[in-house]
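Trainee: In order, the protein sequences belong to chains A and B.
Position 39 of the first sequence, counted from 1, bears residue number 215 in the numbering used here, the numbering being contiguous throughout.
Position 74 of the second sequence, counted from 1, bears residue number 88 in the numbering used here, the numbering being contiguous throughout.
Careful: at least some of the hints might be erroneous.
To be clear about the criterion: a stretch of chain B counts as covered by chain A if any three or more of its residues have a C-beta under 8 Å from a C-beta of chain A, and this derived list gives those stretches [what the hints assert, rightly or not]:
hint: 1; stretch: 144–153
hint: 2; stretch: 158–170
hint: 3; stretch: 367–381
Since the hints were made in silico from the structure, they are not lab data.
Given the structure is predicted, the values throughout are model-derived calculations rather than measurements.
Note that CB positions come from ideal geometry on N, CA and C, so glycine has one too.
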Amino acid sequence: MLSYEEDLQYILDSFDFMPEEEEKRQAVLEAILAMIWVS
Amino acid sequence: MEKDYKTKLQETKKLILDATRGKNKGRIPLISNDRTWKVFHAGYNLREGLYDYEKMEEAVYKFHEDFQYDAYVDLGNRNKLPIMDCFGSSGYQLDEAGELLNFLPLPMTDPPAKILKELAEKGTKRYAFENLIPTYYGIQTKEELAPVMKKAAAEFLNYSQKKGRIVTTMREKYGVPTMNRGGTFYPIELLLNSGVLGMREMGIAMRRNADALADCLEALSETWKKECIAYLDRYVETEDDHAIFPYAIGNLTHTIMSPKQFARFVHPYQMWLANELKKRGLTAYLNIEGSMAHLTEFYQELPDGVFCTLIEQDDPVQFRKWCPNLTLMGGYPTSYLSNKTPEQCVDKAKELMDALAGDGRWIYSEDKLLSYRKDVRAENLRAVTTYIREHGAE
Chain A
177 MLSYEEDLQY
187 ILDSFDFMPE
197 EEEKRQAVLE
207 AILAMIWVS
Chain B
15 MEKDYKTKLQ
25 ETKKLILDAT
35 RGKNKGRIPL
45 ISNDRTWKVF
55 HAGYNLREGL
65 YDYEKMEEAV
75 YKFHEDFQYD
85 AYVDLGNRNK
95 LPIMDCFGSS
105 GYQLDEAGEL
115 LNFLPLPMTD
125 PPAKILKELA
135 EKGTKRYAFE
145 NLIPTYYGIQ
155 TKEELAPVMK
165 KAAAEFLNYS
175 QKKGRIVTTM
185 REKYGVPTMN
195 RGGTFYPIEL
205 LLNSGVLGMR
215 EMGIAMRRNA
225 DALADCLEAL
235 SETWKKECIA
245 YLDRYVETED
255 DHAIFPYAIG
265 NLTHTIMSPK
275 QFARFVHPYQ
285 MWLANELKKR
295 GLTAYLNIEG
305 SMAHLTEFYQ
315 ELPDGVFCTL
325 IEQDDPVQFR
335 KWCPNLTLMG
345 GYPTSYLSNK
355 TPEQCVDKAK
365 ELMDALAGDG
375 RWIYSEDKLL
385 SYRKDVRAEN
395 LRAVTTYIRE
405 HGAE
């Protein structure tokens, strides 16, 4: 079971090729989620 | 040199915005409704064009150099397939020869009532994360999701960088503005576009779960309205010098709605957004797929001079009569571009120009997305775009 609240940070931490850019990591993840909604 | 492209870009923006506002005294603008035909025109198949950023880039520039539209609804957007492929499916199906691209619906298996209730509670981001990813892609845990999402994020950055290069080159080399800075959907469109509810399921939900659907849309609209307001305020504050419109707005769900359903599930959101745009002196590009002929009374209520409206299946001459408040983009029959001679195509362009261009509120475009190899003969498109460009000011 995936939980947005509990698992989000774990996923963002895996974006280690974008160091020190927490806001950008979140924005990229949200952009990908939006692509799942509308391809 | 810099001044040249900036001047050309601003002139083009003004031309299209003047037409949208009903104030165009100049020539007829041309906006391309191409999506992927340009890939074939550049000598590639869809697999090559959609999975190789450089080939798509080459296709975009060649298409512009050969046909010289003022703006383009697409500058390589379909290149995002590799991002979604990281999840195991792009949501599209490409045939072996790379000639055909079909939408691959991935509908949810839960009953509509359960979907609508959960979606209303969770909102779109959380629902995508907790419901769509497990159902569509079979990913159940954070440990499974992390490497997939990491790969997709890297591909997303790659796509963004390449897309950015196309937009910058179109602007700074050719003086061509981008069509829209962003896009939005009325809440109900998200359900259909994502396949959360397919056509059949949406039809059932509108009849049997109408109250749950209305509640869900109302819940989703809270976040949607906040995001629209923040976005539009920011758009006004940070004047965009290369996008014509703040938004492209996609409309598809109306094709399966009765007027009564449209009045309940779409029109309140449509009017709300239209008024937010008008309040700020902004315009938008409205893409109406299929036919809206059965819903003209609602489109007639939209404020005058706010929307540049692409139509597909409706008669453009009828549309001008139905909706004098909306600037018409499109109406040129793609069937001519694929099947007729250049002379016949030009005759059709003349006919449409005579019928539609009188009030300065017609923008030339095609009546369907140019997508496949046989959608267009290049000599026909060249004849039509040249004719409109050279004679559109008479």
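Trainee: Can you give the numbers of the hints that this structure goes against, from lowest to highest?
Mentor: 3
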